[in-house]
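**Q** Which chain is which? The protein sequence lines are A and B, in order.
Residue numbers for the first sequence follow the numbering used here, beginning at 26 and rising by one.
Residue numbers for the second sequence follow the numbering used here, beginning at 61 and rising by one.
Simulated from the structure, these hints should not be mistaken for lab results.
There's no promise every hint is true.
In silico lysine to aspartate or glutamate, DMTMM-like type, Cα no more than 20 Å apart, as pairs [as the list claims (entries may be wrong)]:
1. 222(B) / 210(B)
2. 97(A) / 136(B)
3. 193(A) / 82(A)
4. 97(A) / 87(B)
5. 97(A) / 125(B)
6. 282(B) / 87(B)
7. 193(A) / 122(B)
8. 171(A) / 247(A)
9. 97(A) / 210(B)
10. 282(B) / 136(B)
11. 171(A) / 138(A)
12. 295(A) / 210(B)
Derived, one-sided and incomplete: chain B residues facing chain A with beta-carbon distance under 8 Å [claimed, not checked]:
13. 110
14. 114
15. 117
16. 149
17. 158
A quick note: this is a predicted structure, and the numbers were derived from the prediction, not measured.
Beta carbons: idealized from backbone N, C-alpha and C, even for Gly.
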Amino acid sequence: MNSNPSPLNLSRYEGCTITGALAVSAFIPDALTVVHGPAGCAHHNLSLLHATLLQHDRLPLPRVYATSLGEKDIIFGGEEALERTIERVLQRNPRAVCVISTCITETIGDDTDAVCGREWGVPVIHLHSAGFLGGSFNEGFVNALKGIGTLVSPAEAHDGSINIVGEKNLEFEVEENYEEVARLLGLLDLEVNVRFVRNTRVDDISRFSEGSLNILREGALDPIGRHFHEQFGQPYLSGFPVGLQGTRAFLQAIGDACGIKANEAIAAEKALQEEVAADFADLRGEVISLSPFGFQCPEFFLLSEVAGAIGVRIAPEGTEIPVPFGTPVGTAGIRRMLHQWRRFLHA
Amino acid sequence: MKQIALYGKGGIGKSTTSANLSAALADRGLDIMQIGCDPKHDSTRMLMHGTWIPTVLDQVREQGDEGISADQVVFEGYRGVRCVEAGGPEPGVGCAGRGIIATFQLLERLDALRGDVIVYDVLGDVVCGGFAMPMREGYAQEIYLVTSGELMSLYAANNICKAIARLSRRVRSKCALGGVICNSANITDEKTLVEEFARRINSRLIAYVPRDRIVQVAEINKQTVIEYAPESAQAGVYRALAGSVLENTAMTIPTPLDMDELESLALEFV
Numbered sequence: 026m027n028s029n030p031s032p033l034n035l036s037r038y039e040g041c042t043i044t045g046a047l048a049v050s051a052f053i054p055d056a057l058t059v060v061h062g063p064a065g066c067a068h069h070n071l072s073l074l075h076a077t078l079l080q081h082d083r084l085p086l087p088r089v090y091a092t093s094l095g096e097k098d099i100i101f102g103g104e105e106a107l108e109r110t111i112e113r114v115l116q117r118n119p120r121a122v123c124v125i126s127t128c129i130t131e132t133i134g135d136d137t138d139a140v141c142g143r144e145w146g147v148p149v150i151h152l153h154s155a156g157f158l159g160g161s162f163n164e165g166f167v168n169a170l171k172g173i174g175t176l177v178s179p180a181e182a183h184d185g186s187i188n189i190v191g192e193k194n195l196e197f198e199v200e201e202n203y204e205e206v207a208r209l210l211g212l213l214d215l216e217v218n219v220r221f222v223r224n225t226r227v228d229d230i231s232r233f234s235e236g237s238l239n240i241l242r243e244g245a246l247d248p249i250g251r252h253f254h255e256q257f258g259q260p261y262l263s264g265f266p267v268g269l270q271g272t273r274a275f276l277q278a279i280g281d282a283c284g285i286k287a288n289e290a291i292a293a294e295k296a297l298q299e300e301v302a303a304d305f306a307d308l309r310g311e312v313i314s315l316s317p318f319g320f321q322c323p324e325f326f327l328l329s330e331v332a333g334a335i336g337v338r339i340a341p342e343g344t345e346i347p348v349p350f351g352t353p354v355g356t357a358g359i360r361r362m363l364h365q366w367r368r369f370l371h372a
Numbered sequence: 061m062k063q064i065a066l067y068g069k070g071g072i073g074k075s076t077t078s079a080n081l082s083a084a085l086a087d088r089g090l091d092i093m094q095i096g097c098d099p100k101h102d103s104t105r106m107l108m109h110g111t112w113i114p115t116v117l118d119q120v121r122e123q124g125d126e127g128i129s130a131d132q133v134v135f136e137g138y139r140g141v142r143c144v145e146a147g148g149p150e151p152g153v154g155c156a157g158r159g160i161i162a163t164f165q166l167l168e169r170l171d172a173l174r175g176d177v178i179v180y181d182v183l184g185d186v187v188c189g190g191f192a193m194p195m196r197e198g199y200a201q202e203i204y205l206v207t208s209g210e211l212m213s214l215y216a217a218n219n220i221c222k223a224i225a226r227l228s229r230r231v232r233s234k235c236a237l238g239g240v241i242c243n244s245a246n247i248t249d250e251k252t253l254v255e256e257f258a259r260r261i262n263s264r265l266i267a268y269v270p271r272d273r274i275v276q277v278a279e280i281n282k283q284t285v286i287e288y289a290p291e292s293a294q295a296g297v298y299r300a301l302a303g304s305v306l307e308n309t310a311m312t313i314p315t316p317l318d319m320d321e322l323e324s325l326a327l328e329f330v
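Only chain B is shown next, with the shape it has when bound in the complex:
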C-alpha cells in the first residue's frame, strides 16, 4: 500500500490535483482511497459527482464516535475511489487540528485505511500538530508539494518542507518528500522557477500542470478532468503524474530555504 499526501498553499489546486490523480490511478484498475483533511471538506466532491458527503466529524458530532461504522464515513465515487472527508468544527471555535487526529484514530479503528494507494489531501499550511497528522505515525510516507510560481505559494511550500524536515528527524518517522508538483498560475518562466525551487530544497519537479480551461469546465460539470474529458491534453498530464507517482522511489529529506534565499530566488525570475 502506497500512502501519499498533497500539501500546499490554500487555493493552489490541491483538491483538483488530488482528485484527478486519484481518478487516473483508479483508471489503472487500482484500489484508491482519497481522504480530505480540511474543515472545508471539498476535496472529494468531483470524485463524488458534486455530492457533499457527510464528514467524519459531522458523524461524530451527531452521534458520538462509538457507534460509527465505516459505511457512514467512507463513500464510493468515480471508479470505486473510496472518499472520506475529515471535516471540522464550525469556523472560529474548537480545535480543527484535534479533529484531524480524531479522524485518523477513528478510521484506524474502523480498519478503513486500506487500498493500493491512499491519497491524503491536506489543508494549506501545517498550522499545528494536528494538520501534520498525515505525515506522522507512518501514514503518508511520500509528501508532494503543490505550488505555483507565486512567491506566497513557494513560501507555503517551503514552510511545509520545514515540517517534513522536522518530523523526519523523529525515530519512528517514515515520511519524506516525493517531489514538487507545479500547478501553473501562468507566470513567465514558471516551470524553470519551480524546478529551481525544487532543486534548492533538495527535491525535484515531478509534474508541471499547465493552466487549462478544461479544469473549470469539468468542475462546473461536477467531474474530474479524467472523467469529463479523458481525451484532453490535461487528462494526459494527470495520467502522467499518476505514472510518475506510482514509479517514484526517489524520496528526500527537504532542506528548507530561509526567507532571504526564497526572495532572492523569486527575484531571479522577475
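Next comes chain A alone, as it looks inside the complex:
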C-alpha cells in the first residue's frame, strides 16, 4: 500500500533505507560503496538498482561491495569484517568510500562511525541506513546526502552559481528534468555549480559550498536544505518546477533568492508556454478522464491546469489517460505529457 500517494513523492516513504542511500552513493563515479551487513542486503538493493538502470538503458552499472556478515560476525561484532572490506576496496584506489550501515549492524551496536573515522588515506563516510529505526527510502536518501556533504570543503564566498540537490537518480527522466531546470536557470543567466549528487566526482563535490543557492529536487528533501543552510549559509528552494504557473513562480523565486529581476525570463517562459498550447491546439474540445493506475493521484492540480490551458475537459466519460508516472518538470515536462495525451486521444 502506498501511504503517500502524491505523485510528487511516490513511494519514497516506504521501502528499504539502503536503496535510498545507494541511490546517492552509487552516483559518485570515483567513490566506492560498501554495504555493511548480510550479503542479501547488498544483493537485493543492488539488483533493484541494476534493474532500474538497465530499464533506463543506463550503463555502466555501479560497483558495490558488501561485508557479507554471517552469524559469527553478528555474535562477535562486525567491525573487523568492515575493516577488512574497506581495506580490500581501497586497493581499487577510490577517491572516497561510502559505508552503508544496515539494520543488523545497528542492532548489535557496531561502531561504524569509529571504523570509518580511522585514518584511511581517503574519506570513508558512514551513511546511516538502519531501516528499523523508522526509516524508508527517503531517510536513506537524505542521510546519504548529509553524509556526502562531509566531502565539501567550506568556501570563502558564494559565486552566484546554483547547486542542484537530490536529483532522483533512479527516475526515467532524470536528465530531461535536469536540463529543463538548467534551461530555466539560463533564462536568468545563472549557471549550475554542482549536481549533488549525480555522476559527480569527489573533487567536484567539494566545491558545493561555492554555490549561492540550493535547488532541491523535491520538498521531501527540506531537511537537507536546512542542513546545508546551517552549514554553508546557502538558501534553498524546495522542489523542481511543477505546472505552468508553477514554472513561472519558480523563476520568480530564484530571481528573489539571487537578487535578480526575473520579469523578462518570466515573460519569455510565458510566451513559450503559449507556443506549447498552440502546438496542441488539435486537442481543443477533447474529453479525457485520468486513470490513477491504482495508486496515482488524479486530483493533481497540474493536470487540471494543463487541461484548462489547452481547452481539454476532464470528465468521467472521457478517453482514459494515465496520470504520468513521474511528475512532469517545467514546461518541457508538460510538453512531453501532452504528446502522451495526444497519442491516447488519437490512438
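With the hints as your guide, set chain B onto chain A.
**A** Just chain B, lined up with the frame of chain A:
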C-alpha cells in the same frame, strides 16, 4: 530426560548452586550435563577442578561452526558430569544473546544435549530473547529461581518470572517455574521473606541454602562442596536440593509482582 535451568541475579550463587546440584545428582549415579550460558564462562569450573574449558563460541570464533565436534566443546568433569560453556563475544561488542542461540543450535546439531538431567546455568537477567533461549523451544522445562532476601535479588527473580509468564503463553512452550532456591545472604528472617515472596509469585521455596564458609574453602580448592567436603552440613543441603529437584512435579506459571508489591513485601521484613 529432565532439563532444568537456574536463573537469578548476577553474583547470587547460581553457578555454585548449579555445580553442587550437578555433583549431587551425579553422586546418585545419574548421567548429568551442565551448560553454562553466560559469557563469563565460569559455571562449570569447580566441576572441572579449576580448568577453564574452551567455550563453544571460542571454538566457533577460531574455526567456524562447521567442523566442530562434540569432544571439542563437551568436557567430562566430576563423576562424568559433562560440562559445556557457551561463552560469548568480547565484552562491549557483538551480540551475546545471539551467541546463546547459536550455541544451542550447535549442541543440538552435535546431538550433545542428552543425559538423565541437563542443568542450564544462565546469566543474571533475561536481557533479551537470546538469554531466554534455555526457556524456549522445550529445552529447560523447569526453571528454578536463585535469590537471597535482598531486594535487588528479589527484583531480578521477579523479572525472570515475567519472562517465564510471557514465554509460557506461547503455544509450544513447556517451561514453568519449579520453585525458588534461597541462597542466604545472612539477612534477618530471610527464609520467611523468600518463602513469602515465593508464595506471592505462585511458587514455593524448594531449598534454603545457608551461608557457609565451606563454600569458599571448597572454591579455593577448586572443587564443589560435594566433592571437597562430602560430610559437611552444606553438602547435605545440596544433596537434599538434588532430591527435591528430582522428585519435583509441582510446576506453576508464576504471577510476577509489581514494583510496589515487591517493595512493600521487603518493608514487612525490615
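**Q** Sort out whether residue 122(B) lies within 20 Å of residue 193(A), counting only the CA atoms.
**A** With a Cα-Cα distance of about 45 Å, the restraint between residue 193(A) and residue 122(B) is violated, given a limit of 20 Å.
**Q** If you take the shortest Cβ to Cβ gap from residue 158(B) to chain A, is it below 8 Å?
**A** 5 Å, holds
**Q** Taking 20 Å as the top limit, are the C-alpha atoms of residue 193(A) and residue 82(A) close enough?
**A** 16 Å, holds
**Q** Is the Cα-Cα distance between residue 171(A) and residue 247(A) 20 Å or less?
**A** 12 Å, holds
**Q** Are residue 117(B) and chain A close enough, Cβ to Cβ, to be under 8 Å, as the hint says?
**A** 6 Å, holds
**Q** Tell me if the interface restraint on residue 110(B) is satisfied: Cβ within less than 8 Å of some Cβ in chain A.
**A** Hint on residue 110(B): violated, closest Cβ of chain A at ~27 Å, above 8 Å.
**Q** Can you confirm whether the C-alpha distance between residue 171(A) and residue 138(A) stays at or below 20 Å?
**A** Within the cut-off at roughly 14 Å; holds.
**Q** Checking one constraint from the list: CA of residue 282(B) to CA of residue 87(B), max 20 Å. Satisfied?
**A** Given pair residue 282(B), residue 87(B) holds - Cα atoms ~18 Å apart, limit 20 Å.
**Q** Under the criterion that the straight-line Cα-Cα distance not exceed 20 Å, is the pair residue 295(A), residue 210(B) satisfied?
**A** With a Cα-Cα distance of about 82 Å, the restraint between residue 295(A) and residue 210(B) is violated, given a limit of 20 Å.
**Q** With 8 Å as the cut and Cβ atoms as the points, is residue 149(B) at the interface with chain A?
**A** 5 Å, holds
**Q** Holds or violated: residue 97(A) and residue 125(B), Cα atoms, limit 20 Å.
**A** 9 Å, holds
**Q** Checking one constraint from the list: CA of residue 222(B) to CA of residue 210(B), max 20 Å. Satisfied?
**A** Holds, at about 19 Å.
Going through the hint list in order, the structure does not satisfy hints 2, 4, 7, 9, 12, 13, 14.
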